[in-house]
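K.L.:
Residue numbers (the working numbering), protein chains in the order written: chain A, 1 to 313; chain B, 1001 to 1253.
Keep in mind that a hint or two might mislead.
Said to hold, decoys possible - According to the in silico footprint, chain A covers these stretches of chain B (three or more CB under 8 Å from chain A):
hint, segment
1, 1010-1021
2, 1079-1091
Claimed, not checked - A short, non-exhaustive set of chain B residues, derived as facing chain A with CB atoms under 7 Å:
hint, residue
3, Val-1049
4, Pro-1095
5, Arg-1250
Said to hold, decoys possible - Away from chain A, derived, C-beta distances all over 12 Å, residues of chain B:
hint, residue
6, Leu-1005
7, Phe-1047
8, Leu-1096
9, Met-1118
10, Leu-1137
11, Leu-1173
12, Trp-1176
13, Leu-1201
14, Ala-1218
15, Val-1220
16, Val-1236
17, Asn-1246
Because the hints were derived from the structure by calculation, they are not lab data.
Only a predicted model underlies this, so the values are computations on that prediction, with no experimental measurement involved.
The C-beta atom is built at its ideal place from N, Cα and C for all residues, glycine as well.
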Amino acid sequence: MDEKIAIRVEGLTRYYGDLLAVDHISFEVQRGEIFGFLGPNGAGKTTTVRMLTTLLEPTEGKAYIHAYDVVRQPYEAKLQLSIVPETSNVYDELSAWDNLIFSSRLYRVPIDEAHRRAERLLDAFGLGDRKHTKVHDFSKGMKRRLTIAMALIHQPKVLFLDEPTTGLDVQSAILIKALVRELNAAGTTIFMTTHQIEEANELCDRVAIINQGRIAAIDTPERLKAAFQSVQSVEVAFDRLEPTEGEQLRKLPGVNTVEKRGDKMRLYTSDPPQVLSEVIRFAEQHRLKMLSLNTFGPSLEEVFLRVTGEQVK
Amino acid sequence: MTGLLRRVRDESSQAWAITVKDIRVYYLTPPMIMFGLLMPFFMFFSFSVKREMTPGASLARLLALITFFTASSAGPVIIPLERRTGTLDRLLAAPLSTTTLLVAKSLVGIIFGIGVAMLPLLASVLIIGVNLQDAPLLIVSMVLSSCAFSALGLLFASYPTQSPGNIMMPSTLLRWPLLFISGIFIPLEEMSSWARALSFLSPLTYAQDLMIHATLGAGVQAVWFNLAILFLSFGVFLYAALRLQNWSRRLGY
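Make the full structure from the sequences, and use the hints.
P.N.:
Set out below in structure tokens:
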């Protein structure tokens, strides 16, 4: 197997009874990559992560972590990876320090080294001054940070993050994103599931979009956007706009759809220059003053909605 | 050191870390106190009222009751709770085998069972002055009984569910018949032949007979037979728990 590959997935499939949760998905993640796994709720993201981290047996297919088969060589595969699940799974009755040391013992980190790493991680995650506080007194964001710190105590080669910032305060989310970048810069491969498109756009080298258990698209965020030229848009704000005039905007040549966004109108098109000139002509004809006029490439959110089958209005 | 020996050493250390963590996290939780600490004493005193028993016979029955309820209560409390909070996934994702994990969990029940049983044992010997006929045998029987009953608790706990209630209630209901047919409340020698035949189905029968051997110096069945059955029960329950745990994981629990 190629030594540059951190995760290889071949036809991975999982049924829950008759329900097909993951349907013959295949992809590869390079070592040192941040790979985003996007999808709506129930798309199969968490099931995929559970299979890749040996927590769930696949019904069919194979998956390898650093060339170790997760079904046949789970012990070796587990040594390479760590998982941060969607719900923080820390021990509320123990202190932050005890949680970290317990985690280090599970991965057999020598005790002196474990203490050094625990100190460093607690400081890096902003928990240094609360290290002897029992975790049940922690906020959701603090528990999340501790969960990630516990996953890092044995310095895994591949880190699985399941919805790492969902439901967190802005400060914790920013801290976690910065840490993801730092870890990646230090060589850790990151596999993260998210339904926050902007987060994936901001962090990931490549993203896969999963929908109804199947991979619908997989590429770099920019290439995915480029593949969906029809969701480029022109956004215009007028000083006033009658409802009848709004309707007329929809009929301008080159416009596919129009979406009202607050005091602005967004006109989706595959030909922004044509629509720009039409909008300027429209403003002159109706004696409207343009307060702003911008063009936008397709956002990852729009790409996501397209590939998951929902229409951009 | 060979790879296998190193792995055994490593997994033993991991198992002990899990056991110590569970003791710190779960011993003082209300279900453990209720089902593991209070219930055997309540049962013993409610069934002992107005019954004439020698101190040695009372001690043997109390110790059997304690190891039975206390050791078997840990698994059904801890595993479903850990499934619900997601902390079991932390253990399952760590580089250790499911067998090691179950051994660690069974140790929690074993230590709990022996620890609680030591309280009346020490009180009986030091305060009441109960004379033990075979103290080493009593210790061995407490350890082996705790092993068997802790593994029984794990068997209940490995049923695929995330709700402790779905395991605690059925496991309590299943333990009652094992208790009633065991000879704890009606001595084996006073049982009818069919009742005694039925009593052989309960591992508690062998535990309490072994403890009567140790405290009074005379039981109904041979010591070696009781020891062998308890040892076998431990192995069978642990193996069945392992199979059930693997089945639960295949279902996604």
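K.L.:
Determine for every hint whether it applies to the structure shown.
P.N.:
Evaluated hints:
1. 1010-1021: holds (count 6)
2. 1079-1091: It holds, with 6 qualifying residues against the three required.
3. Val-1049: Given a least distance of 38 Å, the restraint on Val-1049 of chain B is violated.
4. Pro-1095: holds, 4 Å
5. Arg-1250: Given a least distance of 5 Å, the restraint on Arg-1250 of chain B holds.
6. Leu-1005: holds, 14 Å
7. Phe-1047: Given that every Cβ of chain A is farther than 12 Å from that of Phe-1047 of chain B, nearest at about 35 Å, it holds.
8. Leu-1096: violated, 7 Å
9. Met-1118: holds, 24 Å
10. Leu-1137: holds, 36 Å
11. Leu-1173: holds, 28 Å
12. Trp-1176: The claim stands: Trp-1176 of chain B keeps its Cβ more than 12 Å from every Cβ of chain A (closest is about 31 Å).
13. Leu-1201: At about 34 Å from chain A, Leu-1201 of chain B clears the 12 Å cut-off, so the statement holds.
14. Ala-1218: holds, 46 Å
15. Val-1220: It holds; Val-1220 of chain B is separated from chain A by about 44 Å at its closest Cβ, greater than 12 Å.
16. Val-1236: holds, 25 Å
17. Asn-1246: violated, 9 Å
When each numbered hint is compared with the structure, violations occur for hints 3, 8, 17.
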